[in-house]
Amino acid sequence: MEPLTQHTGIVATLDRANVDTDAIIPKQFLKSIKRTGYGPQAFFDWRYRPDGTPDDGFELNHPRFDGRSILVTRNNFGCGSSREHAVWALAQDGYRAIIAPWKMLKGERVPGFADIFRTNAVKNGLLTIELSEAEVDAIFKLVGAHQGLEATADLPSQKVTFHAREPHVFEFEIDAGIKDKLLHGLDDIAQTLTFAAEIDRFEADHETWRGQPAD
Amino acid sequence: MGKTLFDKIWSAHTVRQLPDGATLLYIDRHLVHEVTSPQAFEGMRMAGRQVRRPELAFATMDHNVPTTKDRLNIEDPISRAQVEALQANCEAFGIRLYGLGDRRQGIVHVIGPELGLTLPGLTIVCGDSHTSTHGAFGALAFGIGTSEVEHVLATQTLRQQKPGTYRIDFNGRLAPHVSAKDMVLKMIGLIGTAGGTGHVLEYGGDAVRTLSMEGRMSICNMSIEAGARAGMIAPDETTFDYITRTERPYAPRGAELEQALAFWQTLPSDADAVFDRTLTIDAARIAPQVTWGTNPGMVIDIDQHVPGPDTAEGYSRTDVENALAYMGLTPGVRMTDVDVDVVFIGSCTNSRIEDLRLAAAVLDGRKKADHVQLLVVPGSHAVREQAEAEGLDHIFKAAGAEWRYAGCSMCLGMNPDQLRPRQRCASTSNRNFEGRQGKGGRTHLVSPEMAAAAAVAGRFVDVRTWSPN
Ligand code: SF4
Numbered sequence: 000m001e002p003l004t005q006h007t008g009i010v011a012t013l014d015r016a017n018v019d020t021d022a023i024i025p026k027q028f029l030k031s032i033k034r035t036g037y038g039p040q041a042f043f044d045w046r047y048r049p050d051g052t053p054d055d056g057f058e059l060n061h062p063r064f065d066g067r068s069i070l071v072t073r074n075n076f077g078c079g080s081s082r083e084h085a086v087w088a089l090a091q092d093g094y095r096a097i098i099a100p101w102k103m104l105k106g107e108r109v110p111g112f113a114d115i116f117r118t119n120a121v122k123n124g125l126l127t128i129e130l131s132e133a134e135v136d137a138i139f140k141l142v143g144a145h146q147g148l149e150a151t152a153d154l155p156s157q158k159v160t161f162h163a164r165e166p167h168v169f170e171f172e173i174d175a176g177i178k179d180k181l182l183h184g185l186d187d188i189a190q191t192l193t194f195a196a197e198i199d200r201f202e203a204d205h206e207t208w209r210g211q212p213a214d
Numbered sequence: 000m001g002k003t004l005f006d007k008i009w010s011a012h013t014v015r016q017l018p019d020g021a022t023l024l025y026i027d028r029h030l031v032h033e034v035t036s037p038q039a040f041e042g043m044r045m046a047g048r049q050v051r052r053p054e055l056a057f058a059t060m061d062h063n064v065p066t067t068k069d070r071l072n073i074e075d076p077i078s079r080a081q082v083e084a085l086q087a088n089c090e091a092f093g094i095r096l097y098g099l100g101d102r103r104q105g106i107v108h109v110i111g112p113e114l115g116l117t118l119p120g121l122t123i124v125c126g127d128s129h130t131s132t133h134g135a136f137g138a139l140a141f142g143i144g145t146s147e148v149e150h151v152l153a154t155q156t157l158r159q160q161k162p163g164t165y166r167i168d169f170n171g172r173l174a175p176h177v178s179a180k181d182m183v184l185k186m187i188g189l190i191g192t193a194g195g196t197g198h199v200l201e202y203g204g205d206a207v208r209t210l211s212m213e214g215r216m217s218i219c220n221m222s223i224e225a226g227a228r229a230g231m232i233a234p235d236e237t238t239f240d241y242i243t244r245t246e247r248p249y250a251p252r253g254a255e256l257e258q259a260l261a262f263w264q265t266l267p268s269d270a271d272a273v274f275d276r277t278l279t280i281d282a283a284r285i286a287p288q289v290t291w292g293t294n295p296g297m298v299i300d301i302d303q304h305v306p307g308p309d310t311a312e313g314y315s316r317t318d319v320e321n322a323l324a325y326m327g328l329t330p331g332v333r334m335t336d337v338d339v340d341v342v343f344i345g346s347c348t349n350s351r352i353e354d355l356r357l358a359a360a361v362l363d364g365r366k367k368a369d370h371v372q373l374l375v376v377p378g379s380h381a382v383r384e385q386a387e388a389e390g391l392d393h394i395f396k397a398a399g400a401e402w403r404y405a406g407c408s409m410c411l412g413m414n415p416d417q418l419r420p421r422q423r424c425a426s427t428s429n430r431n432f433e434g435r436q437g438k439g440g441r442t443h444l445v446s447p448e449m450a451a452a453a454a455v456a457g458r459f460v461d462v463r464t465w466s467p468n
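These protein sequence lines are chains R and G, in that order. Position 158 of the first sequence, counting from 1, maps to 157 under numbering that gives the first Met the number 0, and the rest follow consecutively. Position 435 of the second sequence, counting from 1, maps to 434 under numbering that gives the first Met the number 0, and the rest follow consecutively.
None of these hints come from the bench; they were simulated from the model. Treat the hints with care, as some may be off.
[To be verified] The calculated DMTMM-like cross-link candidates involving lysine to aspartate or glutamate, where the alpha carbons are at most 20 Å apart (straight line), are:
no.	chain 1	residue 1	chain 2	residue 2
1	R	Lys178	G	Asp275
2	R	Lys105	G	Asp168
3	G	Lys7	R	Asp204
4	R	Lys158	R	Glu172
5	R	Lys105	G	Glu312
6	G	Lys438	R	Asp50
7	R	Lys122	G	Asp19
8	G	Lys396	G	Asp340
9	R	Lys140	R	Asp14
10	R	Lys122	R	Glu165
11	R	Lys105	G	Asp19
12	G	Lys438	R	Asp44
13	G	Lys161	R	Asp174
14	G	Lys161	R	Asp187
15	R	Lys33	G	Glu41
16	G	Lys68	G	Glu387
17	G	Lys68	G	Asp392
18	R	Lys122	G	Glu41
19	R	Lys105	G	Asp275
20	R	Lys105	G	Asp309
[Stated by the list, open to error] Sample of chain G residues lacking proximity to chain R, with all beta carbon distances greater than 10 Å (derived):
no.	residue
21	Gln86
22	Pro175
23	His304
24	Ala388
25	Val460
Computed from a prediction, not measured in an experiment: that's the story for all the values here. Even for Gly, the Cβ is constructed at its ideal location relative to N, Cα and C.
Required output: the full structure, derived from the provided sequences and hints.
Following this line, the structure appears as structure tokens:
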């Protein structure tokens, strides 16, 4: 995995909440046994007309978002199916960071991203940034008011800066472990295998209750 | 302070704390299917790694497989390649495969419990979000991505952040014709599709304790639809009975079983355990549920009217307008005035024997409406055989249903079973996302009884008051 420290790119907006992974990559593309080739299939059903031409009505197809690499969207992005293909599709379609708001719902704080999606994103060096609803609203306004608006997501300082006439800076929280992993592009499996001896010891007296089938 | 069921399993599986604050968690069962595994096996191959404990991994084919009689011949070359890749990978890495044509094949979340692989107190993972199903046995079971599948294959562990705990009690007794499916849909409607994110749900209360294992599985299955990492139900006599009453090849036996039972009895949450969040739902007041929109939280009682942009709580105007436009519905319409084109009874939520019995009870001696296509798809080959032994297949066929072989079928259109654009479907599955059952298809999630009744009436009906003639 490529290390990620700082990324600057054009910002695009997708004004929908609860964007599920079926929408990010429809099921017909899950038949592939490869890890690549998913970029053009991202948001397929929204992005293309039945005849295969781009649908102008879909926000992300707007020419003002040409060359975008940062996506700003609404709450609960990536919900539903665990398919990592959703993250592969976004990354291969050029996205390096996604911003979504956490939200207060009936007195509880609900995160901007679904759990499995967020984990899959980390594994592929895609940065997920959570901000408040008010901040994300402000970003939607900024993007609406500035053609080709660029932003810089800076992981070490945990800041995302929108380069409008006046720079707008938002600070974000990120789990220290996830930050470290992204910064160094660490391979989880190799890391875990350094604990192989401990896994051996754990297994030695751990019961998994596995019976033996007769057939 | 007492410990929750979740805490007990979590600490019993902690190999070590990691420097980054995560926990290295040992995995007892790894279920594998054809869609989310090929890239993981490929990664193993490229790194020259072996599967650490192949005897703890079990594979089946379910998503791509046709469910018609000639299912062994997969026409779609890409689907066939994926199924063949799983076969080759299982052979190469020494993993037991219940493939197409095997008596034990079926939807991964249906066969795990049938085989006795799903047991209380275990950690169970699968590259599939509905792995939460297995929590019905008092296991910690959750879905993972393909990179994590590879991690489990290589290390038999996962790096996990400890989730929060969320207790949901369903108190009181369900009204007649209201089922586990209605309980979970109601719960998702209340807390929303992100209400459980970052948490493991534990369900309790009288209405849960009196459910069969099938009902408990339907509830835990849809925990992910509330955003939760997993759903769990403490094991009890119903659980032990399910595990021991039928021959379950991988369940412990004899002295081992005695030991296991003694251990399983220690698992339920202690009386003084504290949860991070709690919610109590009055089970007696739950009505049959039906979704009106494009996520499982967009749900109402069957006797309610389709909400509009100003009346749908928790959703923005744009979200509601998009959902209604996609679903072809107008605010204010009564759900019982909405016609259906297709009825799908199946999926890992509602394709077990009890679900089929409930549907058959409604269909017995009746016929589906002429304009409706009715699909009944057992979750596993074992369920299919059991249903045939009970004569349910005759009831389905006499009612005009297509009686299929086991697989995911129309739950997601990766196989030949798909909705056409604008077709409206009453479905016992778990997701009503745009395009889920086929591009442009319109899904309404309901219970098996509600689905069967909709097939007869040709429209949604309130099964509590409906009297067909
Ligand atoms: S039945 Fe549907 S939800 Fe269940 S595993 Fe198959 S595709 Fe997934």
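Problem - Violated hints - listed by number, lowest first - result: Hint check: 1, 10 and 11 fail, others pass.
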